[in-house]
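Fit chain B to the given chain A structure using the hints.
There are 2 protein chains.
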Amino acid sequence: MLLTKKQESLIKSLYTRHGRKKNNLCICEGKRCVADLLMSKPELVKFTVIAELNQNSSPDNVINPFIVSDRKFSELSATVASQGILAVVERPELISADIEPVDPFILVLDRLADPGNFGSILRTARAIGLTEVWYTTGSVDPFNDKVIRAAMASQFVVGMRCFANLKELSCELRRFGYDKIFRTDPHQGESCFASEELFSHSAIIIGNEADGVASLDGSVDILIPMSGSAESLNAAQAATVILFEYIRRRSPGL
Amino acid sequence: MLLTKKQESLIKSLYTRHGRKKNNLCICEGKRCVADLLMSKPELVKFTVIAELNQNSSPDNVINPFIVSDRKFSELSATVASQGILAVVERPELISADIEPVDPFILVLDRLADPGNFGSILRTARAIGLTEVWYTTGSVDPFNDKVIRAAMASQFVVGMRCFANLKELSCELRRFGYDKIFRTDPHQGESCFASEELFSHSAIIIGNEADGVASLDGSVDILIPMSGSAESLNAAQAATVILFEYIRRRSPGL
Numbered sequence: 002m003l004l005t006k007k008q009e010s011l012i013k014s015l016y017t018r019h020g021r022k023k024n025n026l027c028i029c030e031g032k033r034c035v036a037d038l039l040m041s042k043p044e045l046v047k048f049t050v051i052a053e054l055n056q057n058s059s060p061d062n063v064i065n066p067f068i069v070s071d072r073k074f075s076e077l078s079a080t081v082a083s084q085g086i087l088a089v090v091e092r093p094e095l096i097s098a099d100i101e102p103v104d105p106f107i108l109v110l111d112r113l114a115d116p117g118n119f120g121s122i123l124r125t126a127r128a129i130g131l132t133e134v135w136y137t138t139g140s141v142d143p144f145n146d147k148v149i150r151a152a153m154a155s156q157f158v159v160g161m162r163c164f165a166n167l168k169e170l171s172c173e174l175r176r177f178g179y180d181k182i183f184r185t186d187p188h189q190g191e192s193c194f195a196s197e198e199l200f201s202h203s204a205i206i207i208g209n210e211a212d213g214v215a216s217l218d219g220s221v222d223i224l225i226p227m228s229g230s231a232e233s234l235n236a237a238q239a240a241t242v243i244l245f246e247y248i249r250r251r252s253p254g255l
Numbered sequence: 002m003l004l005t006k007k008q009e010s011l012i013k014s015l016y017t018r019h020g021r022k023k024n025n026l027c028i029c030e031g032k033r034c035v036a037d038l039l040m041s042k043p044e045l046v047k048f049t050v051i052a053e054l055n056q057n058s059s060p061d062n063v064i065n066p067f068i069v070s071d072r073k074f075s076e077l078s079a080t081v082a083s084q085g086i087l088a089v090v091e092r093p094e095l096i097s098a099d100i101e102p103v104d105p106f107i108l109v110l111d112r113l114a115d116p117g118n119f120g121s122i123l124r125t126a127r128a129i130g131l132t133e134v135w136y137t138t139g140s141v142d143p144f145n146d147k148v149i150r151a152a153m154a155s156q157f158v159v160g161m162r163c164f165a166n167l168k169e170l171s172c173e174l175r176r177f178g179y180d181k182i183f184r185t186d187p188h189q190g191e192s193c194f195a196s197e198e199l200f201s202h203s204a205i206i207i208g209n210e211a212d213g214v215a216s217l218d219g220s221v222d223i224l225i226p227m228s229g230s231a232e233s234l235n236a237a238q239a240a241t242v243i244l245f246e247y248i249r250r251r252s253p254g255l
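Just so you know, the sequences run in chain order A and B. Heads up, the first sequence is in the numbering used here, so the first residue is 2 and it goes up one at a time. Heads up, the second sequence is in the numbering used here, so the first residue is 2 and it goes up one at a time.
Quick caveat, the hints were computed from the structure, so don't treat them as lab data. Source: prediction; values computed, not measured. For each residue, glycine too, the CB sits at the ideal point set by N, CA and C. Wrong hints could be hidden among the right ones.
[Claimed, not checked] Chain A is nowhere near these chain B residues, computed Cβ spacing over 12 Å in every case:
hint, residue
1, Leu45
2, Val46
3, Asp115
4, Met161
5, Ala165
6, Arg175
7, Gly178
8, Ser192
9, Glu210
10, Arg251
[Said to hold, decoys possible] Partner residues are not named here, just some residues of chain B that face chain A (Cβ under 8 Å, in silico):
hint, residue
11, Ile129
12, Gly130
13, Pro226
14, Met227
15, Thr241
Chain A with its partners taken away, still in its complex shape:
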């Protein structure tokens, strides 16, 4: 099938926050990312665009494929070394406020700005089996194409809730009985390896790359111990240390 001019403009618009909001769609690009999405949530895929040279190596179960010239693909793609496949995907809704969370603890991202960080945290949250992640306004749009690539399309599997700020978010946490709230801090607090209540109906907040977590009444600081000279960890690495401390504690025979 031929891609219409209207579809081309639609794709280009989805690289902007405004375009994604208006059309309620987003872009998932790259072989593994699209293949993962076709496996986990095929019903969300509206159509797929494939570069001519790549059409033989595209997944079998691809949905509504449009083949375009390699030159046209480069024009529609956001990556420099494109893998010749992208999908236009329905943006899933946020989790409705009346649904009770089932996860043992809630991972919270407070104004996380970097697309790579937000994405790799979603991918890691999925890898440890969390079903949702909460975030505050001021974070990068989770359906930004870079976030989707970094997350390997995990935002279509892991649900999300968004709040104006930590105060509103923490009211909601408490309403659902997640009443121990931990702020990660690079300089102070109890060690994440020692804290006994870290994962028992709690919430753990990862903060903005430059400013950290906003202050929050009634929260407890948690520290990731380090031994080197670096001032602090990258936000996604901090989240990873904490998420895998959960897995470690649950591992059999330890």
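Frame of chain A, contents of chain B only:
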């Protein structure tokens, strides 16, 4: 001082691998990154370029500053939302083969291709106190500007050794007595949380984002346990889990 045309061309050439090699220099961009470098290795900084609008917020100890118009700075910068400061920096030499490593274990990156991954692993290695990281040819250039930004300039503090492939690298590991070699694998091996010899004069290899670690005779597979539906972790997250397992085991009171 005025930036000469020659200096401008020099800066532009440092965004290519060839230009960095020819001039033995590289680019460190961004406020925190330059500030960190000025603190840790000021002797490596050749000169600094600052955008007019940012000159009042630049670090006090800046070296050989050239002030340029904001428009000129955008032209010289590789970032979209630049922070108005970059430094031209001498590229440190690789660690000489006759120097014996002092670290308890060696972290190895095998053909790690993504600049963000390579950089955040260097930053994390530094945070846990490693003094060097080894890598194989086929990896991204550690002095690529994106790697430097992701590493927060840690490549000027953490030393590096580079080898043609894992076979050559493992000979060198054994020569120094690092004789237990672990390959991280997403699907098989002993749990990194259970393996007792993981950090005792060993080496731990993190592999290429798409292909994993190359096969290597005499190595042992190590697995990061997961519980969710994701196929595997991002390489930088895998490295982080393992590096902080080392810190956790050394933490007092555990």
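Structure-based check of each hint:
1. Leu45: Its Cβ never comes within 12 Å of chain A, the nearest being 16 Å, so this holds.
2. Val46: The claim stands: Val46 (chain B) keeps its Cβ more than 12 Å from every Cβ of chain A (closest is about 18 Å).
3. Asp115: violated, 9 Å
4. Met161: Its Cβ never comes within 12 Å of chain A, the nearest being 16 Å, so this holds.
5. Ala165: holds, 24 Å
6. Arg175: Since the minimum Cβ distance to chain A is about 26 Å, Arg175 (chain B) lies beyond 12 Å and the statement holds.
7. Gly178: holds, 22 Å
8. Ser192: Nearest chain A Cβ is 6 Å from Ser192 (chain B), so the label is violated.
9. Glu210: violated, 9 Å
10. Arg251: For Arg251 (chain B), whose nearest Cβ neighbour in chain A is about 8 Å away, the distance does not exceed 12 Å, so it is violated.
11. Ile129: Cβ of Ile129 (chain B) sits 6 Å from chain A, so the hint holds.
12. Gly130: holds, 4 Å
13. Pro226: holds, 6 Å
14. Met227: Holds - the Cβ of Met227 (chain B) comes within 8 Å of chain A, reaching about 5 Å at its closest.
15. Thr241: holds, 5 Å
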